[in-house]
Amino acid sequence: MKTAIFSVVAAGALVILMGCHNRAEALEPAHEEALKPMQQSWRGVLPCADCEGIETSLFLEKDGTWVMNQHYQGAKAPSSFASYGSWARTADKLVLTDTQGEKHYFRAKGEGLEMLDREGNPIESQFNYTLAPVNASLPSTPMAMRGMYFYMADAASFTDCATGKKVSVANNAQLERDYAAARGNDTKPVLLTVNGHFTLEANPDSGEKVKMLVPDRDARFEADKNCGSR
1 MKTAIFSVVA AGALVILMGC HNRAEALEPA HEEALKPMQQ SWRGVLPCAD CEGIETSLFL
61 EKDGTWVMNQ HYQGAKAPSS FASYGSWART ADKLVLTDTQ GEKHYFRAKG EGLEMLDREG
121 NPIESQFNYT LAPVNASLPS TPMAMRGMYF YMADAASFTD CATGKKVSVA NNAQLERDYA
181 AARGNDTKPV LLTVNGHFTL EANPDSGEKV KMLVPDRDAR FEADKNCGSR
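So in my numbering, spot 159 of the sequence shown is number 159, and the numbers just go up one at a time.
FYI, nobody ran anything at the bench for these hints, they're computed from the structure.
Derived EDC-like pairs: lysine to aspartate or glutamate, alpha-carbon spacing no greater than 20 Å straight-line:
# : residue 1 : residue 2
1 : 93        : 111
2 : 93        : 124
3 : 165       : 63
4 : 165       : 102
5 : 93        : 63
6 : 76        : 50
7 : 165       : 208
8 : 165       : 201
Distance ranges between label pairs, derived from CB positions:
#  : residue 1 : residue 2 : range
9  : 75        : 125       : 18 to 24 Å
10 : 155       : 127       : 46 to 52 Å
11 : 185       : 230       : 25 to 31 Å
12 : 185       : 100       : 34 to 40 Å
13 : 132       : 80        : 18 to 24 Å
14 : 228       : 88        : 20 to 26 Å
15 : 127       : 153       : 51 to 57 Å
16 : 132       : 152       : 39 to 45 Å
17 : 110       : 180       : 52 to 58 Å
From the three backbone atoms N, C-alpha and C, an ideal C-beta is built for every residue, glycine too.
Can you build the whole structure from these sequences, using the hints too?
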């Protein structure tokens with residue numbers, strides 16, 4: 001099912017994000033570079049080979065990461081899948097890199113974002129490959145994650161191995177007990193694999209929305225290992 005279409009992203013803000021490129025820049029070889037902080041969400045129904053359509057929601061985060069949820073309409077359960085990774089840009093494209101290192105490409109098209117093929121070229125088709133800007137919440141579909149978990153002074157954090165980003169972790173008493181057992185007498189981060197999702201919660205001090213990891217299931221600590229371990 002997941003071999004269908006990987007989807008994604010959109011425009012107005014992306015045009016600003018990508019900025020104005022002069023003729024000299026256009027002649028330079030394309031290269032990836034970090035995007036300026038922004039946050040946008042996009043949604044649309046993309047073509048599907050064996051279902052009614054793939055309802056795709058893409059979320060670009062201020063920290064340079066993205067989350068995507070894909071719901072395969074009319075398909076048997078499980079019909080929703082989520083993924084995440086980091087995003088960057090070339091002169092005219094948005095580049096999404098998932099946790100497995102696979103890249104996906106999009107470009108601004110009117111008020112939306114158009115999905116490109118695996119080589120970053122336009123898809124010649126009569127079907128819709130464009131996502132429109134929307135206001136939406138992050139999906140709660142669990143995703144496989146791997147990172148370094150640390151707990152101290154009633155606060156837990158998770159540094160994701162794929163993106164290198166550090167986020168707070170929602171209170172979870174069982175996870176805290178399992179971490180204590182895994183680390184033993186050492187006060188140090190421990191490698192955690194878990195199925196979870198991200199949410200935005202208000203910072204109690206500033207009120208600003210910050211990203212937080214919510215563990216859902218299959219949490220497992222591996223003592224004496226880190227992100228570089230196999």
